[in-house]
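**Student:** Line by line, the protein sequences give chains A, B and C.
Number 631 marks the last residue of the first sequence (my numbering); no jumps.
Number 99 marks the last residue of the second sequence (my numbering); no jumps.
Number 510 marks the last residue of the third sequence (my numbering); no jumps.
No wet-lab data here; the hints were simulated from the structure.
Don't take every hint at face value.
Below, a list of computed lysine to aspartate or glutamate pairs in the DMTMM-like style, where the Cα atoms sit at most 25 Å apart [stated by the list, open to error]: (1) Lys462/A <-> Glu64/A; (2) Lys179/A <-> Glu220/A; (3) Lys179/A <-> Glu462/C; (4) Lys171/A <-> Glu218/C; (5) Lys98/B <-> Asp323/C.
Partner residues aside, some chain C positions facing chain A, computed with beta carbon under 10 Å [as the list claims (entries may be wrong)]: (6) Ile442; (7) Leu489; (8) Ile490.
Computed footprint of chain A on chain C; a stretch qualifies when at least three of its residues, placed anywhere within it, have a C-beta under 8 Å from a C-beta of chain A [to be verified]: (9) 11-22; (10) 247-258; (11) 456-463.
Glycine residues also receive a C-beta, built at the ideal position from the N, C-alpha and C atoms.
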Amino acid sequence: MTEILPAEGVFSLLWVLIALPAAGALILLLGGRRTNTWGPYLGILTVVGSAVIAVLMLLAMMAEPAEQRTVIQNVYDWVFVGSFQVSFALQLDQLSIVFVLLITLVGALIFIYSLGYMAHDPDRRKFFAYLNLFVAAMLLLVLANNYLLLYVGWEGVGLASYLLIGFWQRKPTAAAAAKKAFVINRVGDVGLSVAIMLIFVTFGSVTFQDVFGQVGEANEGTLTAIGLLLLLAAAGKSAQFPLQAWLLDAMEGPTPVSALIHAATMVTAGVYLIARSNAIYNAATWAATAVVVVGLITIFMGAIIGSAKDDIKKSLAGSTMSQIGYMVFAAGLGPIGYVFAIFHLLTHGVFKAGLFLGAGSVMHGMNDGVNMRRYGALKGVMVITFITFMAGYLAIIGIPPFSGFWSKDEIIHAAFERNSIIGAAAILAAGITGFYMTRMVAMTFFGKKRWEDDVHPHESPKVMTIPLIILAIGSTFMGMALLFWGNIEYWLEPVVGYESVPTPLPTWVYIVVTLVVVIIGAIIGWVTYARKDVPIEAPRGNLLTRAARQDLYGDAINDVLVVEPTYKSAHALTTFDNKAVDGFVTWTASFVGDLSKRLRRSQTGFARSYALSMVGGAIILLVALILVRLS
Amino acid sequence: MNPANYILLSALLFSIGAIGVLVRRNAIIVFMSVELMLNSANLAFVAFARMNGNLDGQVVAFFVMVVAAAEVVVGLAIIVTIFRTRRSASIDEPNLLKY
Amino acid sequence: MNFTPPAIDYFALSPMIVIFAAAIVSVLVEAFAPRTIRRFLQLLIVFGALLTSAVLIVLNAGTRTVTGGGAVVIDGPALVMMGTIVVLSILGAALMAERSIDPVGDSFAARASSLPGSEDERQLTQRGYLQTEIWPLTLFAVLGMLLFVTANNLLLMFVALEIISLPLYLMTGMARRRRLLSQEASLKYFLLGVFASAFYLYGAALVYGYSGSIFFPEIAQSLTSKPSESIVVFIGMGMLIIGPLFKIGAVPFHQWVPDVYQGAPTAVVGFMAATVKVAAFGALLRILYVAFGGVRWDWDPLIWIVAVASMILGSIVALLQTDIKRLLGYSWIAQAGFILVGLAAASPAGLESTMFYVIAYGFATVGTFAVISMVRDANGEATNLAAWAGIGRKSPLVASALSLFLLGLAGIPLTSGFVSKFAVFVAAIEAGATWLVIIGVIASLIAAFFYVRIVVIMFFAEPTEQTASVVVPSAFTTISLSAGVAVTLILGIFPQPVLDMLSNAGLFLR
């Protein structure tokens with residue numbers, strides 16, 4: 001049984017973790033232009049400070065036995081009204097510490113990289129302020145000890161993401177992308193807020209301990225509803241089907257943002273939410289199955305989109321969707337999968353950040369061009385970028401001993417523990433990953449030069465390459481380190497649970513099959529894009545390619561299902577409101593007799609039509625009142 | 001005479017007033033219709049006071065008269081201003097504010 | 001029948017007496033004081049009276065009494081509402097006192113009776129003639145609101161309703177610019193307002209007829225003691241609550257709201273949007289919880305219908321608005337719906353959350369209109385959203401403040417709006433109205449669109465030639481604006497002291 005300890009020693013600094021970047025954001029935003037020169041450095045310093053504290057906490061935590069690693073710090077009582085009580089309380093346990101480390105360490109690297117990447121941007125200070133805001137909100141999200149506080153962080157990262165996607169406001173596409181991300185995320189947020197209310201009403205509390213402690217007492221229907229609502233929230237934040245459309249457009253933001261927020265951390269918040277709520281999903285099988293289905297659909301959607309895009313960042317975004325699909329999929333498998341979902345989340349956070357920063361480095365040398373058809377043969381020009389990108393590449397497609405191999409392999413294995421068909425699907429998707437990533441590498445670094453005339457590629461400055469190198473080292477060794485040295489599954493077990501069931505075939509068979517499929521995919525990619533010349537103009541492509549270039553019609557579907565009806569009903573209601581006479585005349589005809597005819601003939605005066613709607617409304621209300629009374 | 005008849009009469013007056021508001025265009029007459037509604041309420045109050053055997057209703061009626069007088073002052077001021085601006089007391093005419 | 005003069009607890013009534021006395025003095029000043037010192041005297045009286053009243057309300061914090069022959073009840077919720085009204089009135093009055101924004105002077109017509117565009121008006125403007133008759137009207141309106149939330153019988157409530165309304169009808173028609181719109185808004189507000197009052201009054205007559213009393217506690221008693229076959233009392237109740245519902249701007253009694261918001265002077269809208277809503281909800285709560293608390297199941301469906309209609313209609317119609325004041329009018333309608341969700345809970349939690357919501361809403365609203373009054377172009381206030389494009393680049397501080405208010409109204413966490421919306425929805429779920437909350441959440445999703453749309457326009461759109469400029473105001477508006485920002489943030493981050501105060505305030509005295 002897990003004990004809950006008060007925050008003492010180094011853990012008493014828990015609130016500082018969040019306060020540091022928050023203070024940084026505040027100073028940078030309020031300080032205005034005065035902070036232009038030293039502001040970015042202050043931003044980096046606050047995140048590095050948080051990272052150092054986080055590492056100290058990890059060490060302190062490792063010194064404790066497994067049952068005594070949950071620490072709660074009550075900062076202050078936030079809302080206490082009647083039976084509804086929520087504290088501003090932070091909780092650090094094995095699950096949140098790994099997130100804190102990912103956010104602060106990868107965050108710090110990306111901050112340093114941004115120093116070079118945004119060197120010439122006039123709004124660099126604001127950029128760092130928003131990034132700081134993001135880090136603070138994300139830390140709040142993973143450190144909250146109750147759903148309501150988590151929701152605050154959830155909205156906070158959404159806001160920061162919105163500000164950063166639209167950071168280059170002068171580009172109308174960026175502003176539109178920001179708006180889209182906001183709107184789609186709000187749909188997910190509705191799910192979360194209703195889920196929280198339902199949780200409160202069911203359990204009488206919103207803290208994790210109380211809720212998970214009482215899961216056994218709730219009926220399964222309620223739990224399923226909560227699980228599905230949380231899934232909706234996770235889908236919005238983590239760009240899962242059917243709320244995936246915003247992530248591709250989000251690439252309009254600066255590349256470090258794509259790396260930090262839209263690859264490594266924020267988009268994994270959905271996975272965190274599901275893993276954190278494991279007790280609910282364990283008790284609600286239907287909801288868990290829905291999680292698996294959503295994950296599986298997204299794995300393929302992301303992979304297909306990633307295979308068709310010529311924009312290097314959008315292709316990577318498709319890949320992010322797909323990889324997060326893996327995590328969601330694993331989380332839906334139940335106790336056999338949670339730990340590996342988190343494991344893959346960590347390795348992915350590192351190697352995908354490396355890939356994005358690598359892509360940023362390439363763009364930096366190519367005058368911000370993103371079209372891979374205008375790249376080619378860059379391996380000689382950008383040696384460090386190339387080598388580090390290859391480390392990320394090998395990690396994502398899952399070649400041993402790179403980190404992605406270990407985590408993805410565990411997920412595939414867990415899938416087979418549950419059901420061979422979904423396991424096979426996961427292997428197939430791994431093959432597609434091999435294809436599109438090879439395509440990307442081939443088009444970018446190999447083949448012939450297809451550069452535009454005035455482009456002179458060059459390696460990026462050290463401030464950008466050093467983070468790349470560190471992330472590449474992480475992409476290479478982190479999987480092994482976590483699995484063999486860190487025993488990640490037993491580290492996380494007290495929080496999310498872990499069990500393993502035997503599979504029909506020995507483990508090595510799955511590993512070999514997966515590797516073979518991945519290599520076949522990679523070879524197809526290599527043959528198509530490195531051995532043959534890549535046309536500068538994209539060929540028309542087959543039906544699937546064309547669909548994928550349109551993000552599998554995600555926007556079109558949203559338009560038809562959501563946007564159009566909303567606008568239509570708005571128009572209809574405006575008309576209704578103003579021509580209330582026509583509307584109400586029919587309603588009140590039986591009450592005011594022949595009045596209707598005279599009114600129709602009479603000139604429509606607005607003050608009088610308002611009065612008519614008041615009378616009509618009053619009559620309706622009174623009739624309703626009488627009906628209730630009589631029934 | 002049965003006091004209930006007064007209640008019926010007051011309901012009738014109230015309805016007439018309400019319909020007057022809805023169908024008449026002249027602001028003054030609309031306003032008078034509202035006054036009719038207030039007075040129908042007064043009638044009801046007084047009749048109910050008689051039926052209930054206490055004076056509360058009659059007191060209310062006095063207050064309502066005073067309030068109605070104040071309302072007339074404000075109302076006529078507004079209507080006259082509009083009339084001077086637009087040279088018309090039709091309440092259908094001012095409709096710049098819409099949608 | 002012997003006449004015994006009612007015992008009156010003058011100290012408990014002192015917050016109102018001060019305002020009333022000040023209003024009378026204010027009228028006299030208007031009549032007799034020389035023009036040169038009139039403004040000074042009026043401001044002294046208004047702010048002095050409001051501050052004194054606020055202090056007296058605080059001193060009365062422990063008072064729980066029924067006085068004035070049972071007509072006035074001073075209890076916890078009433079004191080909270082009174083305090084809120086008075087504080088919001090101070091902020092609203094500060095907006096009206098502003099004279100640095102408009103190059104001509106203030107935002108009120110030099111002489112409300114002069115013809116728009118006439119020679120008379122032109123001369124008055126040229127001579128810099130500024131009027132101060134807005135102040136006695138303001139004081140009377142505040143007095144009405146204080147009485148509205150403390151009224152314990154149908155008669156006083158009616159009188160209070162009229163004392164609120166009559167000054168507001170006039171104040172609506174006093175805009176210096178766009179006078180045709182202002183006068184039209186005034187006319188519509190007046191005619192529809194008295195129409196609604198008539199419904200209230202007739203409803204009151206029916207309720208009196210049934211229960212034999214105009215006092216709320218006795219009405220409640222008669223509903224439980226008498227066999228309640230009579231439909232009449234329920235028709236009476238339905239007509240009765242039309243009065244407060246009209247003031248709240250709930251559908252289907254909402255149509256005056258956007259017109260008045262658009263037409264009335266911005267400072268007046270800021271004042272009345274914040275305060276009247278508090279007062280009207282206070283009155284509605286008292287009618288429903290005290291007089292009709294025993295028949296909750298009869299009025300609940302009615303409130304549901306109104307709440308759903310308000311939330312949906314307000315949110316959806318606001319989507320396509322292009323005038324920011326009009327948009328906020330529709331947003332008020334939607335917000336009324338959200339608050340009614342809490343009211344429908346008919347529980348102590350419902351009472352607390354409703355009061356918290358109106359407080360949070362009031363401060364955010366005052367701040368919003370403070371900002372709107374500052375954004376101007378050559379023709380006065382630039383209320384068309386097209387003129388707001390890129391304002392965030394020119395004046396980031398003011399635009400950020402407005403964004404905070406709008407995000408607060410949208411219910412984004414760490415603002416007062418989030419806590420209030422959450423409290424209201426939780427109260428409704430506890431009362432078993434989950435479906436109502438789901439509709440509410442969906443409506444607030446739609447509402448978030450148009451609030452955020454303004455933020456987007458301010459920050460993400462390119463400034464054009466049309467873009468208005470932000471005028472630097474005097475201390476008056478600055479104080480209102482800062483108070484709005486502070487309260488919106490504090491109620492979002494540290495709501496606990498206020499929530500404690502509300503729960504200590506307890507329930508209505510019956």
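**Student:** All the hints need checking, so say for each whether the structure fits it.
**Tutor:** Status of the hints after comparison with the structure:
| no. | hint | result |
| --- | --- | --- |
| 1 | Lys462/A <-> Glu64/A | violated (39 Å) |
| 2 | Lys179/A <-> Glu220/A | violated (37 Å) |
| 3 | Lys179/A <-> Glu462/C | holds (15 Å) |
| 4 | Lys171/A <-> Glu218/C | violated (67 Å) |
| 5 | Lys98/B <-> Asp323/C | holds (11 Å) |
| 6 | Ile442 | holds (7 Å) |
| 7 | Leu489 | violated (12 Å) |
| 8 | Ile490 | violated (12 Å) |
| 9 | 11-22 | violated (count 0) |
| 10 | 247-258 | holds (count 5) |
| 11 | 456-463 | holds (count 5) |
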